[in-house]
Amino acid sequence: MRDTRSLPARIALYCAVLAGAAIMLFPFLWTVITSITPEGSLADGPTLIVDDPTLGAYRTLLDAMPIWRILVNSLAIAVASTVLQLITGSMAAYGFARLHFPLKNVVFGFYLATLMVPLQVLVVPLFIEMKTFNLQDTYFALLAPTIASAFGVFLLRQAVTAVPLELDEAATIDGAGHLRIFTTIVLPLIRPALATVAVFAFMGSWNSFLWPLVVIRSPEFMTLPLGLSTLQGQFTTQWDVVMAGSVVSIVPIAIVYLLAQRHIIAGVAHTGIK
Amino acid sequence: MNGTMDRTEDPTVSRPVESTANRTTTTRRPRNWKTLGWVLFFLLPSAIPLFVFTLVPMVSSLWVSLHKWNLISPMEWVGFRNYTNLLTDETTRRVFLHTLIYVAGYLPIVYAGGLVLALALNQKLKGRAFLRATYFLPVVTSWVVVALVWKWLLNPTNGLVNQLLGAVGLPEPGWWTDPQWALPAVILSSAWKDLGFVMVILLAGLQSIPNDFYEAAKVDGSNAWQRFWRITLPLLSPSTFFVVVISLINGFQVFDQVYVMTAGGPSGSSQVVVGQIYDLTFRYGRAGEASALSWILFALILVITVIQIRGQRRWVHYA
Numbered sequence: 001m002r003d004t005r006s007l008p009a010r011i012a013l014y015c016a017v018l019a020g021a022a023i024m025l026f027p028f029l030w031t032v033i034t035s036i037t038p039e040g041s042l043a044d045g046p047t048l049i050v051d052d053p054t055l056g057a058y059r060t061l062l063d064a065m066p067i068w069r070i071l072v073n074s075l076a077i078a079v080a081s082t083v084l085q086l087i088t089g090s091m092a093a094y095g096f097a098r099l100h101f102p103l104k105n106v107v108f109g110f111y112l113a114t115l116m117v118p119l120q121v122l123v124v125p126l127f128i129e130m131k132t133f134n135l136q137d138t139y140f141a142l143l144a145p146t147i148a149s150a151f152g153v154f155l156l157r158q159a160v161t162a163v164p165l166e167l168d169e170a171a172t173i174d175g176a177g178h179l180r181i182f183t184t185i186v187l188p189l190i191r192p193a194l195a196t197v198a199v200f201a202f203m204g205s206w207n208s209f210l211w212p213l214v215v216i217r218s219p220e221f222m223t224l225p226l227g228l229s230t231l232q233g234q235f236t237t238q239w240d241v242v243m244a245g246s247v248v249s250i251v252p253i254a255i256v257y258l259l260a261q262r263h264i265i266a267g268v269a270h271t272g273i274k
Numbered sequence: 001m002n003g004t005m006d007r008t009e010d011p012t013v014s015r016p017v018e019s020t021a022n023r024t025t026t027t028r029r030p031r032n033w034k035t036l037g038w039v040l041f042f043l044l045p046s047a048i049p050l051f052v053f054t055l056v057p058m059v060s061s062l063w064v065s066l067h068k069w070n071l072i073s074p075m076e077w078v079g080f081r082n083y084t085n086l087l088t089d090e091t092t093r094r095v096f097l098h099t100l101i102y103v104a105g106y107l108p109i110v111y112a113g114g115l116v117l118a119l120a121l122n123q124k125l126k127g128r129a130f131l132r133a134t135y136f137l138p139v140v141t142s143w144v145v146v147a148l149v150w151k152w153l154l155n156p157t158n159g160l161v162n163q164l165l166g167a168v169g170l171p172e173p174g175w176w177t178d179p180q181w182a183l184p185a186v187i188l189s190s191a192w193k194d195l196g197f198v199m200v201i202l203l204a205g206l207q208s209i210p211n212d213f214y215e216a217a218k219v220d221g222s223n224a225w226q227r228f229w230r231i232t233l234p235l236l237s238p239s240t241f242f243v244v245v246i247s248l249i250n251g252f253q254v255f256d257q258v259y260v261m262t263a264g265g266p267s268g269s270s271q272v273v274v275g276q277i278y279d280l281t282f283r284y285g286r287a288g289e290a291s292a293l294s295w296i297l298f299a300l301i302l303v304i305t306v307i308q309i310r311g312q313r314r315w316v317h318y319a
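Listed in order, the protein sequences are those of chains A and B.
Take the first sequence: its position 241, counting from 1, is numbered 241 in full-length UniProt numbering, and each next residue is one higher.
Take the second sequence: its position 315, counting from 1, is numbered 315 in full-length UniProt numbering, and each next residue is one higher.
Do not rely on the hints blindly, as some may be mistaken.
What the hints assert, rightly or not - Label-pair distances were calculated between CB atoms; the ranges are:
1. Gln308(B) - Arg180(A): 40 to 50 Å
2. Leu167(A) - Thr305(B): 28 to 38 Å
3. Ala263(B) - Thr60(A): 39 to 49 Å
4. Ala19(A) - Gln308(B): 30 to 40 Å
5. Tyr284(B) - Arg69(A): 24 to 34 Å
6. Pro53(A) - Gln308(B): 49 to 59 Å
Keep in mind the hints are simulated off the structure, nothing from the lab.
None of these values were measured; they are calculated from a predicted model.
We put the beta carbon where it would ideally sit given N, CA and C, even for glycine.
With the rest of the complex left out, here is chain A (with noise of 0.2 Å):
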């Protein structure tokens, strides 16, 4: 089938794929061009090829808000958000698959019912428990609803169920505890499940924009998608700004995308194929 198309069949798939991939690519493009051209200019609208480029956008995002905090705001609530992910959820993966105690499947149980609730359901209460506690406008707030994921805790007792139990029978007998058996023989064992829960979290916690904007006030505080949304004016917008804080924020998750891109997209694929 695949070797006996046709010239004419093989030209028309290749401008189809070329074509999804300006479709996708051309916004971007778009964007940049749009962040350096002088705002004078973009009253017509800005054109593909520009005269006299400019970084003003970007100087006046500088002065509207503390712009480099804000990303690093955000990357740091991501990382911190997928690294405490990634431990809470092996920990209650190996406590599930591996111990046995009363009333495992109602705690389990538990756990399910967390991942079932969307949530806009808990944004009211959170707020109000953030509120009470004196917690809003803190990175702690930020962080506190994705200390642990019942999605990660899921995916990842599947990978450990399926590790050898003969494995830790053998540490066992060599004298391991929970511990060792834990750090040393099934955390290596399941890292693509490891890999698949940290695309989602940090993605997650990068992308959230509901909760923050719920809970932040101060610009010291905000993520890059609430930083950004401020930048809209109730009646103008300064759309040069607007694209170089989308440039800004863009960038860092497209290095991050560019590096580590098998890996998403398998990680992504990963959760498709049940």
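Fit chain B to the given chain A structure using the hints.
For chain B alone, coordinates are given in the frame of chain A:
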């Protein structure tokens, strides 16, 4: 796999050994305490945050939904009146309709688009890895950025899309400034972002279809069209099922891109359920109704998901 499962899941396997060793409860207790210690050690790091930041808010959300409350003055018990009021309210019906339109517009576009891209990338093709990475790039970009970039592309006066439409003599819609076009603008940008995600899931599904099936069908004299309908689509159904379930769950919770692009406007024409929950709480100080609305939405998502899981036997074929 099953053997390991049985041994890990079934505590009775180890018990007979202990009883034949004739251990008394007094000697067994220290070991049980030790096990309990390990259970707490492994589970508490996740159990405490899940309890405090998910389970407690869940229960208190139910509690709040039975009250009239503006987040400041004391709560006033109203029973199920928030629910009955919402279910008969015209605005509720509108926001659910908008959410439904969003899902109904978004899902066919991402599925058809994602399928075409996945089928193309499943061919022998130069630069396949590059193309796959390119299609996936919007997936890792945040919703807020995507919404802002598309709000600019779809700017009615000097946006790129209208300039292109104008250049070829087509009508230039008002997009997010026009009540008729606000939802389509949101749908278009959302589909653009998620196309790569759907493509990756479907591509993984396509690659798991054994080539023998196609070879056998060809020997039997089938054409490419028949093979697509009789082999590819049925065997892709588990991936399709996953995409549909996930898209519906996420689609009914749509918020970020609507809030950024239209804020539910113009004049409420693109307000969705989660947007309404947010506005009820933080703009109108009606937290009780907002909580009730969030539970109605949750119930709807749950029912739809259960129906799909029940119905999957009819059309999902696991090879």
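### Query
In ascending order, which of the hints set out earlier in this document are inconsistent with the structure?
3
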